[in-house]
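> Got chain A; can you put chain B on it based on the hints?
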Amino acid sequence: MDAEQALVGATLRAFCDKHVESAWQHLDSPDTPLFEPLWEGLAEMGVTGLGLPEALGGLALEPRAHFDILHALGAACPALGFALISHVHSVSLLCAAARNELPPRLERVIADGRFALVGSPLDRVPEPRFEVRMNGRISVTGATRAAIPYADWLVIPMQAESRLRLCVLRPDGGAVRFRSQASGHGLRLVPFGELLLDDATVLEDCVFDWPTDARFARFADGLLAALMTGMLSQLMQIAAGYAVERFQGGKLIHEHDAVQQLLGPIELSRRCLGAIAESTLALAKPGDGGASAFGVELLRRSGLDAIQVLGGYGYMEEYRVERTLRDANTLETFWIHSAQRQRAIARQYCAELSE
Amino acid sequence: MATSFVDAPRIEKSRTSPTPEREAPREEQREPARDGGALLELSYELRDFDCYPLSPLLRSGSPRLYEQCKTVITRTREYTERHLRGRVEAWDLEVARDHAFVPWAAIDGALDYGFLSLNVPAVFGGFHGGPLAACVFAEELSAMDAGIYVIYGAHALAWSLILASLDTRVIARVGREIASGEKQGRPVLLALAHTEPSGGSDVEDTHDIQNARFGSRYEKVDGGYLVDARKVFISNGSIARYNVLTAIGDPKRPLQTMRGFLIRQDCTGFSLGRIERKLGQRLSTAAEVICDSVFVSEEDSFDLGNSGRTVDTTLSLSRGPVGAMATGIIRGTLERTLAYLSHKHAEGHLLHEEQWVRLALADMLGALQAARGVYMDAALASEFWGLGKLLDVLPSILPEFLSDSPALDGVLGHRAVVARGRSLYESLVGDERLERLVAHASLAKFTCGDSAVRVAMTAMEILGEDANDPRWGVEKCMRDAKLAQIFEGTNQINRLHVARGFLRSRTRAAR
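Protein chains in written order, with the working numbering: chain A, 1 to 355; chain B, 1001 to 1511.
The shape of chain A in the complex, shown without the other chains:
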């Protein structure tokens, strides 16, 4: 990786140290005034343009730089990383769907607008949850749970005329309603809730064929794995930092086998997932969500173990590790669905073997 590319990660880490670390305790509920300047900071660094082709002003970064960016966000504020992945994936899909020839209304906003994906970026062929009608105009009806991180454009999969389509909508107006409800669990900075489309009009130039190319899901898989590697780094840093200072039974707790048995797997998980994330981003792995599915299991296990190292302190919000566990659970249940992906991998493998 050249110096310029390395600088992106370094700059982002410095940004997180300065702006996110000082506010981390408050980044646990939907909060537009807190989110806005952080997003603007990412935009100023060009990080929000990760999904854009160079022709449209995007950054051409190497896999390692992608990894560094998401790793830094995972360590500092996974919810911000979640918002970024949702945005980047939406923009990538949209540009690919339009074959980089966006209609003027979208071309004007593609570089600066905030986009959010309705659904999981790991689904190469998502299951559409909206019904499309065409009676002189295109209208959409349906409801689904969604996470909309302060977006002004939604990228929604839907089925029309037996084909999977990508639609772009603004989440305002009477026909598009988002009933926001704070997450009961993790990623609480992100507004979760129910998206209701009630005969919402979709402009004709905002409907595209869904790009089913596996590289998009693969890229999201790599970004998500990098984000989770950052979360593991954070867990290890806090847990090990505590273990070298805390006495128990007359010695530092890191000297106890019981604590080594907890810390070792966290560090091993961090190393393994880091390697998998980098190779996935380098497009060396299939786009089946396998890196995330594997990674989230490591992360959830590590979250539980890191809390265990800190004991009672780990259970308290002040020590941050409990938040990482919550964030991991929400990543799993909202986007990853590890067990389902693993079954899908088994089906795919067996199908290939049968052939």
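Hint data in this document are derived by calculation from the structure and do not stem from the laboratory.
Ideal placement from N, C-alpha and C gives every residue a C-beta, glycine not left out.
Heads up, some of the hints might be wrong.
[Unchecked claim] Computed spacing ranges between beta-carbons, pair by pair: (1) L1057(B) / Q342(A): 40 to 50 angstroms; (2) Q237(A) / Q1265(B): 34 to 44 angstroms; (3) E317(A) / E1081(B): 49 to 59 angstroms; (4) L1408(B) / Q237(A): 55 to 65 angstroms.
[As the list claims (entries may be wrong)] Calculated from the model, a selection of chain A residues having no Cβ within reach of chain B, i.e. all distances over 12 angstroms: (5) D17; (6) V20; (7) L56; (8) A97; (9) L203.
Quick look at chain B alone, frame taken from chain A:
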């Protein structure tokens, strides 16, 4: 008004469905089950005590214990249905906004049910429930909300230390106050203030405590003691009538010089530090408790006798109920998951018809019954081989009709009586047996705690993107479950106690 445990009539098996249909949060999930499917719920039998492991044996072997458990379960279920159902999730969200929120409505509502005096001997006005009653109560209440249970669990833990001290003067005084306060509609809550900022699991361990950093000290002064202490994560610490606080007189001999102190909230020098913001079990507050040269009279202090035995006896009584609490979380998770699955469709069929969901549900059911087996095993060990044995003979030594006798307090406060009680307990429960009892209880604690976390995480996977919705309550179960792996000694310490308790016995047997 509900009758208390003491007055509770013999319970007849109810034939009505124990799980009323849960109000579904969303329209989409309110649609009737297709394929003529009925509501999916835990079968009646699995909620009935007759289907708990060991229950049939108990019915024939110890009808008194069997009936006691059924009474406790029925009363607790009545309380949870009347006072908690449909409210705990909202209270949990309320704590997210105001972390010092205390669910007084739940505490006041429970006074009619006698939960605070559940383990107080009958001669002092309590229900005279033993370790098994404490455990089935823990499961039943925790199935609804583990945080509410911990209010009573922390109270029972403090009471266990008082009971285990075998200081009959303090047992009589505090026991009476709890029972009479409850009857008068005035909760006399206890908290055990033992954990320290620099000492957690090790200060609970009779082997490690010698090397632990136990900072709380007392000094003998005229008429009592001066106590300086800082305790952390004290459940009920901010709301208890008495913080039952431990401190030592000599840091070189912590076990030999440890004493217990009854600290009131209004003592000069007593203050509360931070109220913790916790991951789960939010309906039970955890506070930092600070004593800055608090004067405690002789009357409000008690010696712990052989402190090592007292601590071990307390652990043998307290860890089983933590296992039962975790079991309640497993059951609560399962019930909430079934409520969700009753309505949830996926790709044109009910989600629970999918094989992977059925496999997961079977695992959860297996975890429930296995967890019940180990906590009941620990509780019965305490009933028949531990302090329960002493409680069992207590009515023959102190029949209930003596409770109003003016001479009783004088007798119970006499040193010779305290000494006799302790020697009787030592003859009934030797040191080796006590270590085994701690091992039984620790086994229940970590086995059930680990299972609860696993089950709750599996349930979240079943709910998928709906798992984040706090109205289903499943994500709360996950947050609640994690504490079962931490408090009452981390599960790592508990595993070491199991190894210590069981492996040594095996070596002796081999000789």
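> Taking the numbered hints from earlier one at a time, note which ones the structure violates and give those numbers from smallest to largest.
3
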